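For chain A, the structure is supplied; the task is to place chain B on it using the hints.
Taken in order, these protein sequences are the chains called A and B. Take the first sequence: its position 180, counted from the start at 1, is 214 in our numbering, and no numbers get skipped. Take the second sequence: its position 282, counted from the start at 1, is 820 in our numbering, and no numbers get skipped.
Don't read these hints as lab results, they were simulated from the structure. There is no bait here: all hints are sound.
Here chain B is said to cover these stretches of chain A; the calculated rule only asks that three of the stretch's residues, wherever they fall, bring their Cβ under 8 Å from a Cβ of chain B:
1. 81-95
2. 136-144
Straight-line distance between alpha carbons at most 30 Å, and here's what the computed BS3-like set of lysine-lysine pairs gives:
3. Lys49/A <-> Lys121/A
4. Lys39/A <-> Lys884/B
5. Lys91/A <-> Lys734/B
6. Lys591/B <-> Lys631/B
7. Lys719/B <-> Lys91/A
8. Lys719/B <-> Lys121/A
9. Lys44/A <-> Lys258/A
Computed from a predicted model, the values in this text were never measured in an experiment. Beta carbons are placed, not taken as given, at the ideal position from N, Cα and C, and that holds for glycine.
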Amino acid sequence: MDREKVIEVKNLVKKFGSFTANDNLTFDVYKGEIFGFLGANGAGKTTAMKILCGLSKPSSGDIRIVGYDVYHETERIKNSIGYMSQKFSLYDDLTVWENFRFFGGIYGLSRKEIESQTQLLLNRLGIWSYKDRIISSIPLGWKQKLAFSVAIMHRPAIVFLDEPTGGVDPVTRRQFWDLIYQAASEGYTVFVTTHYMDEAEYCDRVSIMVDGRIRALDTPENLKSTFDCQDMQDVFIKLAREAKYQ
Amino acid sequence: MIFILPIVQLLILSYTATFEIKTTRLAIVDQDGSVSSRDLISSFSGSGFFKIKQFCNSVKEAEELLYSRKVHQILVIENGFEQNLKTSEKGGKIHLLVDAVDGSAAGIRAGYAQQVINQYVKKINLEILGVSRFQEPITIEYSNWYNPMMKYTVFMVPGILVLLITLIGMFLTSMNIVKEKEIGTIEQINVTPIRKWQFIAGKLFPFWVIGLFELAFGLVVARVVFGITVAGSYPLLFSIAAIYLIMVMSLGLLVSTLVETQQQAMFISWFFLVIFILLSGLFTATESMPQWVQYFNYFNPVAYFIKVIRLLVLKGAGLAQLYNIILVMIAYAGLALTLAVLRYKKTV
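The following block holds chain A by itself, in its conformation from the complex (with noise of 0.2 Å):
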């Protein structure tokens, strides 16, 4: 079956200085795909998520996001992917509503979308009561589903998640994960990066990056069977102490 590939990196690499934080990587992502891309801290995963999302420019190699190149069409790139990073970003001091309304403003949505798209991902959480709530006051974990929501309101074609589940309850991070099979199954191709191996176990595909480079890049069941390994967690942390910064 061939598939359509929404993001396609060839031969990409970074270097800040002598250092390479990216060395050589290539690999696809196809459509309405999970796909997990795991590594140890330090090993390079924001840096690449960072310039498939068009925060920064690869030193050199062929990067296609969406069909969009990255050097010279990050703008076009950036209507098409949705990102929730690390660090919760949506506004504090902002309600729900006003934080939907002004993210879908930037992506250029009409005020009968914002309304629809807001009424439809609040409901889906079961939260259309919090809609004029402020969001310092909402729990973390709330919060982070809302920022998924909203990273995906203006239906882009990929959403990238950035340690998505950090610091949230296993019972919010199962919830969490039924969003992301459920937006999967909507089409939205999902990039995540996470640190929690039982999560890698739910991706379609997971890269497992080590030093900078892709250690290795297969389905779950394969890894597992590759590198004779009950489960991912020993998968990691086999090929993570291949590291040479540790």
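Relative to chain A, chain B alone:
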């Protein structure tokens, strides 16, 4: 808070940051002890500006009072004052010892003393020597235009209004983008297709409106409390203020794009604000500053606006007198804004 604090500042500063000196405490050493010396002393005490604190027997005793800051000046009337006044070619001799720790205040106090003595000289010319005062060759009559009562508040209030909107313009905007850097929302903004100028405009507009509103509010206070009315046109004043706000806000934003934390932003904008304000001519006349300050003030937005607002509020200057400065201000605002937009990068 953004409205109340500046108004409090306007009221307090305008009333207290004054060069007018109401009383000068005086110690007297009267070595002559004559009718003329007592006459001179009573002209001092009758002037209303001087309060005679103590009569001393020796200069040394008086110097101690000066040292301990109990008095501001010592008036020493030499022995033989009256005698010399009447007979000598050189006239009577007095010494005035002035505490000059605060230079500008000392100068003003000495000036008052000079006036009292001049009055006294006129009087004795007439009384003692029988010479008509019409024989004085030249009499200067001052009339203070544009500020007829020489009221300090009239001079000060427009300046403090400038200060208020400068603080809002530069200080608050300099914190703005940095704050988003600190809490992380800037990254969320940077992955959106928002245009740079849209972002900058969105950052400036609220402060622009607040600044103009504050100016309006300040003008109302100036009128109600100090009775200061704007001699020039209000639309012109607000147009110029609008340009000025863009100047300072762009500088603030520029700082904001250059630094990483709010502390750094505060430190840098405070550094520039202090220099801008002190050299702007708000408190002291720029004409008396060194030449390099005059050159520096070409880059000093506060100096432009202080000049314009005083001309406009006090003198009623119109577009014809001000268009030169206005053109420079527009160019400055354009340049600063362009720099701020260029400096703000959506990539990291």
